[in-house]
Amino acid sequence: GAVVSQHPSWVICKSGTSVKIECRSLDFQATTMFWYRQFPKQSLMLMATSNEGSKATYEQGVEKDKFLINHASLTLSTLTVTSAHPEDSSFYICSVINGGGSSYEQYFGPGTRLTVT
Amino acid sequence: GDSVTQMEGPVTLSEEAFLTINCTYTATGYPSLFWYVQYPGEGLQLLLKATKADDKGSNKGFEATYRKETTSFHLEKGSVQVSDSAVYFCALRDSSYKLIFGSGTRLLVRP
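Chains A and B, in that order, are what the protein sequence lines are. Residue numbers for the first sequence follow this note's numbering, beginning at -3 and rising by one. Residue numbers for the second sequence follow this note's numbering, beginning at 2 and rising by one.
Just so you know, the hints here were simulated from the structure itself, not pulled from any lab data. Keep in mind the model is a prediction, meaning the values are calculated, not measured. Treat the hints with caution; some may be incorrect.
Unchecked claim - Away from chain A, derived, C-beta distances all over 12 Å, residues of chain B: (1) Thr13; (2) Leu14; (3) Gln46; (4) Lys57; (5) Gly62; (6) Ser73; (7) Leu100; (8) Gly105; (9) Val110.
As the list claims (entries may be wrong) - Keeping only pairs whose Cα atoms sit at most 30 Å apart, straight-line, the calculated BS3-like set for lysine-lysine is: (10) Lys78(B) <-> Lys57(B); (11) Lys99(B) <-> Lys37(A); (12) Lys99(B) <-> Lys60(A); (13) Lys99(B) <-> Lys57(B); (14) Lys62(A) <-> Lys99(B); (15) Lys99(B) <-> Lys16(A); (16) Lys37(A) <-> Lys50(B); (17) Lys37(A) <-> Lys61(B); (18) Lys61(B) <-> Lys60(A); (19) Lys16(A) <-> Lys37(A); (20) Lys50(B) <-> Lys69(B); (21) Lys37(A) <-> Lys78(B); (22) Lys10(A) <-> Lys37(A); (23) Lys78(B) <-> Lys99(B); (24) Lys62(A) <-> Lys10(A).
Claimed, not checked - Listed below are several chain B residues computed to face chain A (Cβ distance under 7 Å; list not exhaustive): (25) Val38; (26) Pro41; (27) Asp95; (28) Lys99; (29) Phe102.
Where is the CB? At the ideal position from N, CA and C, for every residue including glycine.
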């Protein structure tokens, strides 16, 4: 069964509005979650690392004030796209890690497709 | 920085054909290497992995060998099925647990 869920799976919003995407770890507590962005026919690009109880760590070039990440519990992280613009339209994917060292495993959510009109 | 390059798709094969999807990497250290598969409407799933040079990862008939001398991790399967149609991503994991992905290769297997 699914290890990671995302909600919504698809959302359309108007330019200038904000959208919140939820990522839930279903099978285990996740102190660390990752948020990726995937453009059509392109690779997944890591946006940020979300740590429970602390501020997220953003990759270079990602606007932290635009992509707000809140990891409020060990099973939930949210990504809010603020003041969305058409160029923010993309496929957003979260993942969680379980274990450490050689037994590290990363599980991915099914993704959320955002379309900004 | 570290990077992964994989062959562009789509790759179209007939059922029972042999599959190779090329993947090469650039890394400063000794990364772990992965192949992920994304079926339509689903999240990425780990297909196989290799953590050190000369390791062979295998799963569901797919294989890939970690070749340090050629910095490659090519994915192979001897006989593909229609159900193998998906997008395949090669990736490496650096020492900080971050995954760096290739651009993905779409495989379409026709009956």
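These are the hints, each one checked on the structure:
1. Every CB of chain A lies more than 12 Å from the CB of Thr13(B), the least distance being 16 Å, so the non-interface label holds.
2. Listed as outside the interface, Leu14(B) is consistent with that label: its C-beta sits roughly 19 Å from the nearest C-beta of chain A, beyond the 12 Å cut-off.
3. In this structure Gln46(B) is not separated from chain A by more than 12 Å, as the shortest Cβ-Cβ distance comes to only about 7 Å.
4. Every C-beta of chain A lies more than 12 Å from that of Lys57(B), the closest at about 16 Å, which supports listing it as non-interface.
5. Residue placement check: Gly62(B) keeps its beta carbon more than 12 Å from all beta carbons of chain A (closest about 21 Å).
6. The non-interface label for Ser73(B) is consistent with chain A: the shortest C-beta to C-beta separation is roughly 18 Å, beyond 12 Å.
7. Remark: the non-interface label on Leu100(B) conflicts with the geometry, its nearest Cβ contact in chain A lying 6 Å away (cut-off 12 Å).
8. For Gly105(B), the condition that its CB be more than 12 Å from all CB atoms of chain A is violated, with the nearest at approximately 6 Å.
9. Here Val110(B) stays apart from chain A, with its beta-carbon at least about 19 Å from theirs, past the 12 Å limit.
10. The straight-line distance between the Cα atoms of Lys78(B) and Lys57(B) is roughly 13 Å, inside the 30 Å bound, and the hint therefore holds.
11. The suggested pairing of Lys99(B) with Lys37(A) holds, with an alpha-carbon distance near 21 Å, which does not exceed 30 Å.
12. With a C-alpha separation of about 18 Å, the suggested pair Lys99(B) and Lys60(A) falls inside the 30 Å cut-off, and the hint holds.
13. With a C-alpha separation of about 22 Å, the suggested pair Lys99(B) and Lys57(B) falls inside the 30 Å cut-off, and the hint holds.
14. A hinted pair counts as satisfied when its Cα atoms are at most 30 Å apart, and Lys62(A) with Lys99(B) qualifies at roughly 22 Å.
15. Simply put, Lys99(B) and Lys16(A) have alpha-carbon atoms about 24 Å apart, close enough for the 30 Å limit, and the pair holds.
16. The hinted pair formed by Lys37(A) and Lys50(B) meets the criterion: a straight-line CA distance of about 23 Å does not exceed 30 Å.
17. Restraint check for Lys37(A) and Lys61(B): satisfied, since their Cα atoms lie roughly 25 Å apart, inside the 30 Å limit.
18. Between Lys61(B) and Lys60(A), the direct Cα distance comes to roughly 40 Å. Violation of the 30 Å bound is thereby established for this hinted pair.
19. With a C-alpha separation of about 24 Å, the suggested pair Lys16(A) and Lys37(A) falls inside the 30 Å cut-off, and the hint holds.
20. About 14 Å separates the Cα atoms of Lys50(B) and Lys69(B), which keeps this hinted pair within 30 Å; it holds.
21. Distance hint between Lys37(A) and Lys78(B) is fulfilled; the C-alpha atoms sit about 23 Å from each other, no more than 30 Å.
22. Simply put, Lys10(A) and Lys37(A) have alpha-carbon atoms about 24 Å apart, close enough for the 30 Å limit, and the pair holds.
23. Taking the CA atoms of Lys78(B) and Lys99(B), the gap is about 27 Å. The hint holds against a cut of 30 Å.
24. Of the pairs offered as hints, the one joining Lys62(A) and Lys10(A) holds, with about 16 Å between alpha carbons and a cut-off of 30 Å not exceeded.
25. With 7 Å as the threshold, the beta carbon of Val38(B) stays out of range of chain A, its nearest partner Cβ sitting at about 11 Å, so the hint is violated.
26. Interface restraint check for Pro41(B): the shortest CB-CB distance to chain A comes to about 11 Å, outside 7 Å, so the restraint is violated.
27. A distance limit of 7 Å between C-beta atoms decides the matter here; for Asp95(B) the minimum to chain A is near 11 Å, and the interface restraint is violated.
28. Among the interface hints, the one on Lys99(B) holds; its C-beta lies about 6 Å from the nearest C-beta in chain A, closer than the 7 Å criterion.
29. Checking Phe102(B) against chain A: minimum C-beta separation of about 4 Å stays under 7 Å; hint holds.
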